[in-house]
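Colleague: Next come the chains, spelled out residue by residue.
Protein chains: 2
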Amino acid sequence: MDVLKYLGDRARLVEREIDRWVPTFEPEVLAKATRHLIDAGGKRLRPCLVITACEAVGGRTEDALETAAAIELLHNFTLIHDDIMDRDEFRRNVKTVHELWGEPMAIIAGDALFAKVFEAAAENVRRLNLDGNRITELFDTISKASFEICRGQAMDMMFERMENVSEGEYMEMVAKKTGALTEASTKVGALLGGGTPEQVKALGTYGLLMGTAFQIQDDVLGVTGDRKKFGKPIGSDIREGKRTLVVIRALSSASKKDKADILRALGKRNASEQEIEAAIHALSRTGAIDYVSEKARKLVVEAKKQLDSLPESNARDMLSALADFVIEREF
Amino acid sequence: MDVLKYLGDRARLVEREIDRWVPTFEPEVLAKATRHLIDAGGKRLRPCLVITACEAVGGRTEDALETAAAIELLHNFTLIHDDIMDRDEFRRNVKTVHELWGEPMAIIAGDALFAKVFEAAAENVRRLNLDGNRITELFDTISKASFEICRGQAMDMMFERMENVSEGEYMEMVAKKTGALTEASTKVGALLGGGTPEQVKALGTYGLLMGTAFQIQDDVLGVTGDRKKFGKPIGSDIREGKRTLVVIRALSSASKKDKADILRALGKRNASEQEIEAAIHALSRTGAIDYVSEKARKLVVEAKKQLDSLPESNARDMLSALADFVIEREF
Numbered sequence: 001m002d003v004l005k006y007l008g009d010r011a012r013l014v015e016r017e018i019d020r021w022v023p024t025f026e027p028e029v030l031a032k033a034t035r036h037l038i039d040a041g042g043k044r045l046r047p048c049l050v051i052t053a054c055e056a057v058g059g060r061t062e063d064a065l066e067t068a069a070a071i072e073l074l075h076n077f078t079l080i081h082d083d084i085m086d087r088d089e090f091r092r093n094v095k096t097v098h099e100l101w102g103e104p105m106a107i108i109a110g111d112a113l114f115a116k117v118f119e120a121a122a123e124n125v126r127r128l129n130l131d132g133n134r135i136t137e138l139f140d141t142i143s144k145a146s147f148e149i150c151r152g153q154a155m156d157m158m159f160e161r162m163e164n165v166s167e168g169e170y171m172e173m174v175a176k177k178t179g180a181l182t183e184a185s186t187k188v189g190a191l192l193g194g195g196t197p198e199q200v201k202a203l204g205t206y207g208l209l210m211g212t213a214f215q216i217q218d219d220v221l222g223v224t225g226d227r228k229k230f231g232k233p234i235g236s237d238i239r240e241g242k243r244t245l246v247v248i249r250a251l252s253s254a255s256k257k258d259k260a261d262i263l264r265a266l267g268k269r270n271a272s273e274q275e276i277e278a279a280i281h282a283l284s285r286t287g288a289i290d291y292v293s294e295k296a297r298k299l300v301v302e303a304k305k306q307l308d309s310l311p312e313s314n315a316r317d318m319l320s321a322l323a324d325f326v327i328e329r330e331f
Numbered sequence: 332m333d334v335l336k337y338l339g340d341r342a343r344l345v346e347r348e349i350d351r352w353v354p355t356f357e358p359e360v361l362a363k364a365t366r367h368l369i370d371a372g373g374k375r376l377r378p379c380l381v382i383t384a385c386e387a388v389g390g391r392t393e394d395a396l397e398t399a400a401a402i403e404l405l406h407n408f409t410l411i412h413d414d415i416m417d418r419d420e421f422r423r424n425v426k427t428v429h430e431l432w433g434e435p436m437a438i439i440a441g442d443a444l445f446a447k448v449f450e451a452a453a454e455n456v457r458r459l460n461l462d463g464n465r466i467t468e469l470f471d472t473i474s475k476a477s478f479e480i481c482r483g484q485a486m487d488m489m490f491e492r493m494e495n496v497s498e499g500e501y502m503e504m505v506a507k508k509t510g511a512l513t514e515a516s517t518k519v520g521a522l523l524g525g526g527t528p529e530q531v532k533a534l535g536t537y538g539l540l541m542g543t544a545f546q547i548q549d550d551v552l553g554v555t556g557d558r559k560k561f562g563k564p565i566g567s568d569i570r571e572g573k574r575t576l577v578v579i580r581a582l583s584s585a586s587k588k589d590k591a592d593i594l595r596a597l598g599k600r601n602a603s604e605q606e607i608e609a610a611i612h613a614l615s616r617t618g619a620i621d622y623v624s625e626k627a628r629k630l631v632v633e634a635k636k637q638l639d640s641l642p643e644s645n646a647r648d649m650l651s652a653l654a655d656f657v658i659e660r661e662f
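Which chain is which? The protein sequence lines are F and Y, in order.
Residue numbering for the first sequence follows the working numbering, starting at 1 and increasing by one per position.
Residue numbering for the second sequence follows the working numbering, starting at 332 and increasing by one per position.
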């Protein structure tokens, strides 16, 4: 089965479920602000991981729907708040929430989505009549992941003001900011599907590794991608001064001229198109882009190894295909 | 037993528990930002409600500790974000989080506290080995309250830009912004203590009513209180243009001159001390301050009636005393 079709089918299921959890409510302006980014699209990769992990341990698609929606709400909550902090104007080809409704409303919109996460998950475990231990582990997993995301975002922000960020520090940040939620996605899916502790653990590790690969591939797409497909301006990471792995690696090995070309644009909000282009060419010449792509590929190989302990199934094959998709995608 | 001593004893228990949930962690700047407002004090009224409600239905003090701490974290999360939105510079006699660390870090600090809420509650229900239904209801209660708080805060912000806010609209906002969390506090306490559905409901209603009384009394203290005791500048609500119940009531019945005195200072960030004083005198002359105080008193009477269905106990007496405290306090 084609991975994009699979993602699309699961996305529709999840979107119908999201409609139940974020319906229209008063005040209408808050309801609109909470829906805006969700309605703008997105791959729905994380809820797809929830459902597929549930199926991979023997659960049914419908067993994980509320929590799949919950994880997508959690993801969108973090995006809304990140966009405020990073002063990003566009995401998913639309204006960001704070650009449209102002920062205060964007802060509350994110908070409101976060609140709904646990309400949706509560409904799911009630419906399945899960035992207390499994319920507690599910809530614990979501809470701890949310906290790790905050730590990762704080590190990411601090890196922008640091002279030197090591590759190790960067990878730790990514594991928290992105890996923690994909890890939680597969773990809660496995919990809902009745997975054994070993299966929950293996699927969690798969999620962590593929999510980390996803993020460093994102850094690559941020400098090599197509603006229309990728949904945000190419070079925006550079303008914001983000210490992505591509930048970290490049600066550690660049020639004097390449380094100058990179640093000229890095963190310069009003950098010209020419300056951005020169920086991207310099990044490419150092071999940093290839290095990061290869690193993402290796993480995907490791992620797929985690699936060996699962019984053969369509869902397991799809998890394998989703891991490949992470590094093959253009958006 | 003296209610302030009772609150103080419970506060110490809760603070020790909070230390477990918000310890030092990396990055240190985020840890400091999350602790700042908690360490600045506060009455710990809400966690005290959790514990006392737990005891009032036959539970032990220690049965509710993690969730009591969780509710205080939730409260502090909302304060940190509210302060950003309201551009408040001080709270609890210290600078607000965004004043000290900037808005981005304040946003994450709030988010991080919110994440910890559910982790602490999960530990509590695991330790008590509660059954699945009770666990689910506990998480559901906290989630729904969090969402209502967001709706209340959005309404509060919208009111600042509205010409006319009715008393009914205002009371709805307060029930969400403040009442929802005190309601949740007593409900989760009763759930943890093994309360019957009727007891959970009665204690929830008690919490909603006393919390609503708390907030409208806060509006009174905001214009009549002592700055040192109250912890934030008197008149700041007026400068921010807050449509408090005092203001709403006063504007609906004020003489032309009083109305002019009120409107001159309302929403004027740089209003002089004289303008603020003139506005406060005008509010007082209209009888609005007395009207709101009386309304708070009636809510407290209703709240205390809810306690009739509970067995006699020290905890029940203390809930009654806490309701009285809400309208007798000076801070």
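Hints are supplied without guarantee of correctness; some may be wrong.
To be verified - Derived PhoX-like pairs: lysine-lysine, alpha-carbon spacing no greater than 25 Å straight-line:
1) K363(Y) with K374(Y)
2) K573(Y) with K32(F)
3) K144(F) with K426(Y)
4) K363(Y) with K426(Y)
5) K144(F) with K475(Y)
6) K374(Y) with K573(Y)
7) K475(Y) with K32(F)
8) K242(F) with K363(Y)
As the list claims (entries may be wrong) - Which bits of chain Y does chain F cover? Going by a derived footprint, with three or more residues having C-beta under 8 Å, they are:
9) 442–455
10) 473–483
11) 641–651
Read the hints as simulated data drawn from the structure, not as lab findings.
C-beta atoms are modelled at their ideal positions from N, C-alpha and C, and glycine is treated no differently.
Colleague: Each hint should be assessed against the structure and marked as holding or not.
Modeller: Taking the hints in turn, this is what the structure says about them:
1. K363(Y) with K374(Y): 20 Å, holds
2. K573(Y) with K32(F): Judged against 25 Å, a Cα distance of about 24 Å means the pair holds.
3. K144(F) with K426(Y): 29 Å, violated
4. K363(Y) with K426(Y): Holds, at about 13 Å.
5. K144(F) with K475(Y): 20 Å, holds
6. K374(Y) with K573(Y): OK: K374(Y) and K573(Y) at ~23 Å, within 25 Å.
7. K475(Y) with K32(F): 19 Å, holds
8. K242(F) with K363(Y): 24 Å, holds
9. 442–455: It holds, with 11 qualifying residues against the three required.
10. 473–483: holds (count 8)
11. 641–651: violated (count 0)
The structure shown violates the earlier hints numbered 3, 11.
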